[in-house]
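Novice: The residues making up each chain are set out below.
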Amino acid sequence: MQLAAFQILADPVRRHILEALRNGERPVGAIVKRARIHQSGVSRHLRILQESGFVSVRPDGQRRLYSLRPEPFQEMEEWLAQYRAVWEARLDRLGDALKRRRKHAKRTNRSLGNE
Amino acid sequence: MSETKIVIERTYRASVQELWELWTTKEGFESWWGPVGFRVDVQEMDSRVGGALRYDMIADAPDVIAEMKKMGQPLSHKTSGTFSEVVPERRLTLTHLIDFLPGVKPYESTIVMELFPSGNSVRVVVTLSPMHNPEFSEMQKQGFTSQLTKLDKRFAR
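Protein chains in written order, with the working numbering: chain F, 1 to 115; chain W, 116 to 272.
Keep in mind that the hints were calculated from the coordinates and are not lab data. Note that the Cβ used here is the ideal one computed from N, Cα and C, for glycine as well. Hints may contain errors.
Per the computed footprint, the stretches of chain W lying under chain F, defined by three or more beta-carbons under 8 Å from a beta-carbon of chain F, are [what the hints assert, rightly or not]:
#1 120-127
#2 161-172
#3 235-243
With the rest of the complex left out, here is chain F (with noise of 0.2 Å):
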């Protein structure tokens, strides 16, 4: 599922869109403004975001209103977030082996000292 994420971001025109939607919900107007970019080819790449889960419509009068929705976002953080649990488990049996390195070193010194 995060992987079909990663996927509709790969495209740099919906990337865009999505960054013209950060600070809040925006018409297809102001979007083509800010993400600047060609009228055409954005109404298709509203509704795969739309689609997709990262953008929700709400009609406003004549117009609408696209804005973020956080879901995706939400499970992309997760996934990377696998990574560092892997990591950080890593780094627990990293501890553990120089723990286990001093005891054994000092062992040896000790048993070379009685020598």
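Assemble chain W onto chain F, guided by the hints.
Specialist: For chain W alone, coordinates are given in the frame of chain F:
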């Protein structure tokens, strides 16, 4: 261009020499490397710039072995990498070739390890580039992932 990576830090009461050995010698590496439930068996470790690193990652814990068998995965897989940067007792970059994920094109993943001594302890900073697929790599190149956290803050309000 800002490129977000995953940075993990840990401070150990140890010397830089001890930590460096754990990352760059066969014996040291084998004493801790690998995810929980696995051990590694190093075949080649040439910790000079451009030197090769080759090891087997072997399922070691009974539950992991059972899980791997259930999924039809081999209990051991060959892993290879390169020491792409080596500044003794200070900084190390390991580049791994990830070519064992089914259905995923081979890709390179880098781990940068830096040591910062202070008194009788050392801060270890590990920086990961989890480039899992072309899309993610592309996003990273364009600095998009750094914005995820900012977006998260916005939603936290």
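Novice: In terms of beta carbon proximity below 8 Å, does the segment 120-127 of chain W have 3 or more residues touching chain F?
Specialist: The restraint on the segment 120-127 of chain W holds, since 4 of its residues have a Cβ under 8 Å from chain F and three suffice.
Novice: Counting residues of the segment 161-172 of chain W that have a beta-carbon nearer than 8 Å to any beta-carbon of chain F, does the count reach 3?
Specialist: violated (count 0)
Novice: Just to make sure I understand the rule, a stretch counts as covered if three or more of its residues have a C-beta closer than 8 Å to a C-beta of the chain. Does the segment 235-243 of chain W meet that for chain F?
Specialist: holds (count 3)
Of the numbered hints listed earlier, the single one contradicted by the structure is hint 2.
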